[in-house]
Amino acid sequence: NQTVNKVTNSVGTVLIQGGTATLAVTAAYTQSGGSTQVGAGTNLNLTPGQDLTLSGGQLGGTGTIGNATSSGMVTVTNSGGTVRPGDLLLGTGTLTINGNYTQQSGGTLEINLAGNGTNSVLNDSLLSSTTTLAGTLDVKLLNGYSPKVGDSFTFLDYFNLVGKFDSTVALDTGYAYKFSLANGTGT
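The sequence shown maps to residues 754 to 940 in the numbering used here.
Since the hints were derived computationally from the structure, they do not count as laboratory data. Each residue gets a CB set at the ideal place from its N, CA and C atoms; glycine is no exception. Among the hints, a few may not be true.
Quick list of simulated restraints, FRET-style, between CB atoms [claimed, not checked]: (1) Asn758 / Gly787: 14 to 22 Å; (2) Val915 / Pro801: 13 to 21 Å; (3) Thr761 / Ser858: 19 to 27 Å.
In the DSS-like style, the derived pairs of lysine-lysine whose C-alpha atoms are separated by at most 30 Å in a straight line are [what the hints assert, rightly or not]: (4) Lys931 / Lys893; (5) Lys917 / Lys893; (6) Lys917 / Lys901; (7) Lys931 / Lys901; (8) Lys931 / Lys917.
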């Protein structure tokens with residue numbers, strides 16, 4: 754476990770791993786390039802009001818961002834980077850944000866599909882949190898997976914939703930998808 758005042762990442766990799774490891778950031782976390790990966794069971798603990806701003810690079814993993822025990826919420830703002838929930842090796846899994854997720858027009862949410870039960874999910878369903886969508890939804894098929902007509906996948910859990918994706922990136926040749934919202938999930 755480590756506590757730092759602030760993080761500014763423009764080219765390197767911040768990797769939080771090791772079971773229950775926590776990186777506590779007491780001031781702003783800004784990323785304009787490089788990569789931040791929050792491993793399974795780990796926490797990128799941000800002080801409420803000292804939010805994570807992603808203007809470039811990639812944010813991903815299968816851990817938790819934010820402090821669920823604090824009296825305030827954090828906001829992850831993706832203005833020009835890529836948020837890719839999922840394990841570095843497998844490409845799938847759930848990235849949880851204990852707070853608000855805001856994706857602006859320059860941001861991308863990349864979702865990997867590898868079959869029922871093995872997909873990537875962005876979980877922003879903390880009570881009173883808000884998920885704000887714009888930008889791009891990019892869905893990728895992994896490991897030769899071929900969805901069948903009628904297959905449905907939940908890849909976004911939210912409590913409150915504002916907006917919608919501005920655009921989607923086409924799947925592999927021969928596939929198409931439709932994004933719909935129902936009962937706190939995006940499918």
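The hints, checked one at a time:
no., hint, result
1, Asn758 / Gly787: 14 to 22 Å, "19 Å, holds"
2, Val915 / Pro801: 13 to 21 Å, "20 Å, holds"
3, Thr761 / Ser858: 19 to 27 Å, "23 Å, holds"
4, Lys931 / Lys893, "14 Å, holds"
5, Lys917 / Lys893, "19 Å, holds"
6, Lys917 / Lys901, "25 Å, holds"
7, Lys931 / Lys901, "14 Å, holds"
8, Lys931 / Lys917, "13 Å, holds"
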